[in-house]
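Chains as they are written, first to last, in my numbering: chain A, 1 to 162; chain B, 1001 to 1675.
Fair warning: there could be bad hints in the mix.
What the hints assert, rightly or not - As a list, the in silico DSS-like pairs of lysine-lysine whose alpha-carbon atoms are at most 30 Å apart:
no.	chain 1	residue 1	chain 2	residue 2
1	B	Lys-1373	A	Lys-140
2	A	Lys-140	A	Lys-109
3	B	Lys-1373	A	Lys-109
4	B	Lys-1369	A	Lys-109
5	B	Lys-1038	B	Lys-1422
6	B	Lys-1369	A	Lys-140
7	A	Lys-140	B	Lys-1422
8	B	Lys-1440	B	Lys-1422
9	B	Lys-1373	B	Lys-1443
10	B	Lys-1108	B	Lys-1189
11	A	Lys-140	A	Lys-82
12	B	Lys-1443	B	Lys-1500
13	B	Lys-1422	B	Lys-1369
14	B	Lys-1500	B	Lys-1285
15	B	Lys-1189	B	Lys-1206
Unchecked claim - Just a sample of chain A residues kept apart from chain B, beta carbon distances all over 10 Å, derived:
no.	residue
16	Arg-24
17	Glu-26
18	Arg-34
19	Val-38
20	Ala-47
21	Val-75
22	Gly-80
23	Arg-97
24	Gly-106
25	Val-111
26	Ser-115
27	Asp-132
28	Val-158
Keep in mind that the hints were calculated from the coordinates and are not lab data.
In this text, a Cβ means the ideal position worked out from N, Cα and C, and glycines have one as well.
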Amino acid sequence: MTERPGSGYGLLVGDAPEVRITGRTEPVPIEVRRAWRVATVVLILAASRGRRASREKVLLLNYALMNPATQDSLVEVLAGDKSPFFLQVRVDPALARAADFAVGLGLVKLVGGASLVLTELGVELANSLAEDDSLLSNEKTLLERVRRLATEARVREVLRWR
Amino acid sequence: MRLRLRAVDLLAETERGEFGARLNFRRGLNVVSADNTKGKSTLVQAIVFALGLEKMLSPRREVPLPRVMTMELRESVDGPEIPVLASRVMLEIENELGGVITLQRTAKGDTDLRLIRVHDGPCLTSPDVRVRAKDYYALDPGAAQASTGIHQFLADYLGWDLPRVPRYAGGEAPLYLEAIFALFFVEQKVGWSAMPANFPTYMGLKDMPRRAVEYVLGLTVNEIEVARQRIEARLTACRSQWDALIEEGARLADLASGRVEGIPAEPDLTWDENEGNILRIPEEKEWVEVDELISRLSRQVREERARPVPAAAEADAAVAEEFRNVLQELADLRGTRRDLLSALQTERAQLRATQRQLATIEEDLQRHKDARKILNLGGEVGADLGADRCPTCQQHISDALLPNDAIDRPMSLEENQAFLLKQRELFQNLAARGASLVEKQKKELALLSERIGRLQTRSRALQDTLDSASATPSTASIQRRVELEARVEGLRRISSAFSKLLSDLAVIRESFRQVKSDEARLPPPGLPDGDRHRLDLLRRSIVAQLTEYGFTTFRPAEIDVSTDTYRPIREGFEIGFELSASDAIRLKWAYQLGLLEVTHGLGGSHHPGLLVFDEPRQQETSRISFHQLIARASHVSQELQVLFTTSEHKPTLRDAIEGLDLHLIDIPEYLLQAR
């Protein structure tokens, strides 16, 4: 707003200085911070066979990472001890954006149209993330728990259950 | 105490007979003129070796003497090499009390190379006199048999009570002689390479150079620091003892739901244990001082005793009235308690909610920290995770994965983190206030419950009375009497415990007084005036000498001696690389010769009055500078002793020392000659 205040109302006498109004910044949840999300995508792929996972698998594991209250359910469902009914996986637009960035930064490659794989650069980053035990420790713990259980076949079964 | 070298004798046994060297030293300046390749370095190394201080030259365990003493020697330049079968060094020295001893040590042979035999007399200058001898050892520092260690012996011989200093490895050790001697023994190979001296820092003492100079100059700053720390420790002990007693006082007061007044939270010298310290107990609706309450209640007890116990029937009407009042009061109090309870529950719920919020914020903060680490790691592998431009189309974007119109101006990661920190502080304050409110309410509830309890007991007694037969003594009355007496007894015990507490506190106050007065006698922090004066003396000597020696890198007057490290500084900065090599040598001369001059006659200093420079003319320092050095050294008091060894061209040297008061020892050929 660069219009002189008061000029339209005849309230001020003489020239008033320009007034600029800028909005306050707002906090955003960590789940939409690009660096953090890209790192979780890299971690998911690093914990997958051949460092490669289908978009569906990434979606499923990502859901549990973003909703820690559902983590125990995920483990039980993947193990077959609980019905997939108890897992209401939602679509996550931020995930798609994070994956796109990961590709754009050269950390991840799209293969066969429906799978993501870590590039050499991505593997380097994954190794750096792994070195610091205190970094993303909750996320690493969950991925370790589901490492063997989250096969592509089982993931498909769970997501397509009706 | 001062130390003077009297004579040194080197002996090497070969198949062709004995070879050796004998040098006698005098007071004042001694100059040994010898060729560089003909054994000059053997001399100073042998003196160090005889004293058992070879660790000052190198951490290695080998004998630090050149091959001529341990392998083979030559008689003349074109003569053959003759193998050495055995060799030894003898050094005759004298201390300020006139005690002359001779140190003997094997350099090659069957004897333990660490053994140093100390003869109790001048074996070199008066060989015919028979003297006793005792064996000592050049042990590793800190070795167990300190009583047979040569270093302890030498320290005693010099009258030095070595201070204990901290080691890097933990614990303490006496300041090693090798560290101190670096300030007056400069050996050719290693001694000239560091400013102001080449300290054997590998030996692991913390702050070794500083401590050595401190001891030699007799500075008191360190002792004062140690005393200050001890006083600090005593003050802390007083305070924590006081705290413990205050705690106990609070617990004592709690026993009667009372409170303590008049005792300061910290030891206070103006506090009087006899005045103004009160333990107050709540009674009815006021707070009464405990002794006052005791006498009030005691009076009631006496009155009760004086009255005959009324028979239950007589007391009926009064009892009934009291009973009604008590029931009414109980009902009121119970109502108040219910309100209090519900308020407390609300507060607790609030507090739990606040704590849950705090936990969430902590998790969030942790993830933000993680996000920053991730940004760094990304940067390290070359992926710019925080870029504000799209890597593909270069459009401007924020680092929040939101559609562009979702939030107008999202905070940056750092701003978000700062925001969360403020949130955390806010909630921590809320939680703290909530917690203290909960405590307060709990206390009120406890007090109230206690009152209700007492009233209930009273009402039961009254009930009993009303129900019981008419001739029996009134239970209520007896109960009241018993209760009063018990209460008085309890309060008496608490009051006497409180008095004892006050006298215990008084004892601590007196200790505190003592410590404070010791503290007041400490000199103010910072370098004591005496120390400053000594450093200034050193500075003046250094400046004067540098002027004489032709120091040119800057004006000598710009030099000062650091009051922290005692090293030479200029404009507050360490002097280092800006010096030319020969100016650095001049500075070393000035510093060490300065120490020698300045400590002469200076009380509390610990310089042996001896200075040994092995080849002071290093780095092609100009001849003129060197001759100035010789001139200055020749003027030292005859109570002191200086020894220079030099390989300078002999005719030039003779011209330079013409007219100077010194003792020239000329070694024309090889140092070791056939005997």
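Results of checking the hints against the structure:
1. B:Lys-1373 to A:Lys-140: holds, 15 Å
2. A:Lys-140 to A:Lys-109: holds, 22 Å
3. B:Lys-1373 to A:Lys-109: Between Lys-1373 (chain B) and Lys-109 (chain A) the Cα gap is close to 24 Å, so the pair holds against 30 Å.
4. B:Lys-1369 to A:Lys-109: holds, 28 Å
5. B:Lys-1038 to B:Lys-1422: violated, 78 Å
6. B:Lys-1369 to A:Lys-140: holds, 16 Å
7. A:Lys-140 to B:Lys-1422: holds, 29 Å
8. B:Lys-1440 to B:Lys-1422: holds, 27 Å
9. B:Lys-1373 to B:Lys-1443: violated, 47 Å
10. B:Lys-1108 to B:Lys-1189: Cα-Cα ~22 Å, so holds.
11. A:Lys-140 to A:Lys-82: holds, 23 Å
12. B:Lys-1443 to B:Lys-1500: Within the cut-off at roughly 27 Å; holds.
13. B:Lys-1422 to B:Lys-1369: holds, 15 Å
14. B:Lys-1500 to B:Lys-1285: holds, 28 Å
15. B:Lys-1189 to B:Lys-1206: At roughly 25 Å apart (the allowed maximum being 30 Å), Lys-1206 (chain B) and Lys-1189 (chain B) satisfy the hint.
16. Arg-24: Violated, because the least Cβ-Cβ distance between Arg-24 (chain A) and chain B comes to about 7 Å, which does not exceed 10 Å.
17. Glu-26: At about 5 Å from chain B, Glu-26 (chain A) fails to clear the 10 Å cut-off, so the statement is violated.
18. Arg-34: Per Cβ check, Arg-34 (chain A) is inside 10 Å of chain B; nearest 5 Å; violated.
19. Val-38: Non-interface label on Val-38 (chain A) violated, nearest chain B Cβ at 6 Å vs cutoff 10 Å.
20. Ala-47: Ala-47 (chain A) is indeed farther than 10 Å from all Cβ atoms of chain B, at 16 Å.
21. Val-75: holds, 20 Å
22. Gly-80: holds, 31 Å
23. Arg-97: Violated: least Cβ distance 4 Å, not greater than 10 Å.
24. Gly-106: Gly-106 (chain A) is in fact no farther than 10 Å from some Cβ atom of chain B, at 7 Å.
25. Val-111: holds, 18 Å
26. Ser-115: Correct as stated: the minimum Cβ-Cβ distance to chain B is 20 Å, above 10 Å.
27. Asp-132: Its Cβ does come within 10 Å of chain B, the nearest being 7 Å, so this is violated.
28. Val-158: Fine: 25 Å to the nearest Cβ keeps Val-158 (chain A) off the interface.
In summary, the structure is inconsistent with hints 5, 9, 16, 17, 18, 19, 23, 24 and 27 from the numbered list given earlier, while agreeing with the others.
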